[in-house]
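Produce the entire structure from the sequences given, and follow the hints as far as they go.
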Amino acid sequence: VEGHVQVAGYNLRNLKYKEIPKLRRKLGIVFQDFQLLTDRSINENLLFVMKATGWKNKQGMEQRLQDVLSKVGLATKGFKMPHQLSGGEQQRVAIARALINNPEIILADEPTGNLDPETSEGIMDLLFEISRSGRAVLMATHNYGLIKKYPSRTLKCENGRVQSLSENVFN
Numbered sequence: 034v035e036g037h038v039q040v041a042g043y044n045l046r047n048l049k050y051k052e053i054p055k056l057r058r059k060l061g062i063v064f065q066d067f068q069l070l071t072d073r074s075i076n077e078n079l080l081f082v083m084k085a086t087g088w089k090n091k092q093g094m095e096q097r098l099q100d101v102l103s104k105v106g107l108a109t110k111g112f113k114m115p116h117q118l119s120g121g122e123q124q125r126v127a128i129a130r131a132l133i134n135n136p137e138i139i140l141a142d143e144p145t146g147n148l149d150p151e152t153s154e155g156i157m158d159l160l161f162e163i164s165r166s167g168r169a170v171l172m173a174t175h176n177y178g179l180i181k182k183y184p185s186r187t188l189k190c191e192n193g194r195v196q197s198l199s200e201n202v203f204n
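In my numbering, each number is its position in the sequence shown, counted from 1, plus 33.
Keep in mind that the hints were calculated from the coordinates and are not lab data.
You may find that some hints are simply not true.
[Stated by the list, open to error] Using 20 Å as the maximum straight-line C-alpha spacing, the simulated DMTMM-like pairs for lysine to aspartate or glutamate come out as follows: (1) 181 / 158; (2) 110 / 77; (3) 104 / 154; (4) 89 / 100; (5) 113 / 77; (6) 113 / 66; (7) 181 / 142; (8) 182 / 143.
[Said to hold, decoys possible] Beta-carbon label-pair distances, calculated as ranges: (9) 52 / 182: 33 to 43 Å; (10) 113 / 47: 39 to 49 Å; (11) 190 / 46: 17 to 27 Å; (12) 54 / 114: 27 to 37 Å; (13) 142 / 182: 18 to 28 Å.
Everything numeric in this text was worked out from a predicted model, so none of it was measured.
Even for Gly, the Cβ is constructed at its ideal location relative to N, Cα and C.
Here's what the structure looks like:
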């Protein structure tokens, strides 16, 4: 695939090494396998990201942590360890982590790939709500059923080509 790519105001072709951390702060990333720190509580997972990205104000950190946990429906789960949560709850923590720095774009790599259909639908509801609040969500999936249920702009990447698909292509 060739062309010009701009992400969150950064031209990727001309991106300087020193600009990479600034770009990363504008992105929230959700992994298929959650990538949570298993030796830390949910609160500690989120605080780790905040400290690593330069947060200093403890009161502001605590408020933001509570805000994102509430947004993903886990306001009372911050003290738990990742292994004490279901797969769907762990994915919600991963989404909270992606939201913690108020990014412009959420990149979600197969966020429902390890989840059962009912839990997948809950995660999609959450991502759809996030996108409707004005934040861009770019998601990779092989689940055409989810694409049909949550209509939005759909791109298909195949054989080195990116193709825009109409919303009714899966009907």
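Can you confirm whether the C-alpha distance between residue 182 and residue 143 stays at or below 20 Å? This hinted pair holds, its Cα atoms lying about 16 Å apart.
Return holds or violated for the Cβ distance of residue 113 and residue 47 against the range 39 to 49 Å. Roughly 44 Å apart at Cβ, these two residues keep to the hinted range, so it holds.
When you check the alpha-carbon spacing of residue 113 and residue 66, does it fall within 20 Å? 18 Å, holds
How does the Cβ-Cβ distance of residue 54 and residue 114 compare with 27 to 37 Å: does it lie in that range? The hint (27 to 37 Å, Cβ to Cβ) holds, given that residue 54 and residue 114 are roughly 29 Å apart.
Would you check the hint for residue 181 and residue 158, treating anything up to 20 Å between C-alpha atoms as holding? Holds, at roughly 13 Å.
20 Å limit on alpha-carbon distance, applied to hinted pair residue 110 and residue 77: Judged against 20 Å, a Cα distance of about 12 Å means the pair holds.
Can you let me know if the beta-carbon spacing of residue 52 and residue 182 is within 33 to 43 Å? Since the Cβ atoms of residue 52 and residue 182 sit about 37 Å apart, the hinted range of 33 to 43 Å holds.
Using the C-beta atoms of residue 190 and residue 46, is the stated range 17 to 27 Å upheld? For residue 190 and residue 46 the Cβ distance comes to about 19 Å; the hint holds.
Given the hinted pair residue 181 and residue 142, is their Cα-Cα distance within 20 Å? Satisfied, since the Cα-Cα distance of roughly 18 Å is no more than 20 Å.
Does residue 113 pair with residue 77 here, judged by a C-alpha cut-off of 20 Å? 10 Å, holds
For the pair residue 142 and residue 182, does the Cβ-Cβ distance stay inside 18 to 28 Å? This hint holds: roughly 19 Å between Cβ atoms.
Taken at face value, is the distance from the CA of residue 100 to the CA of residue 89 at most 20 Å? 17 Å, holds
The structure agrees with every numbered hint stated previously.
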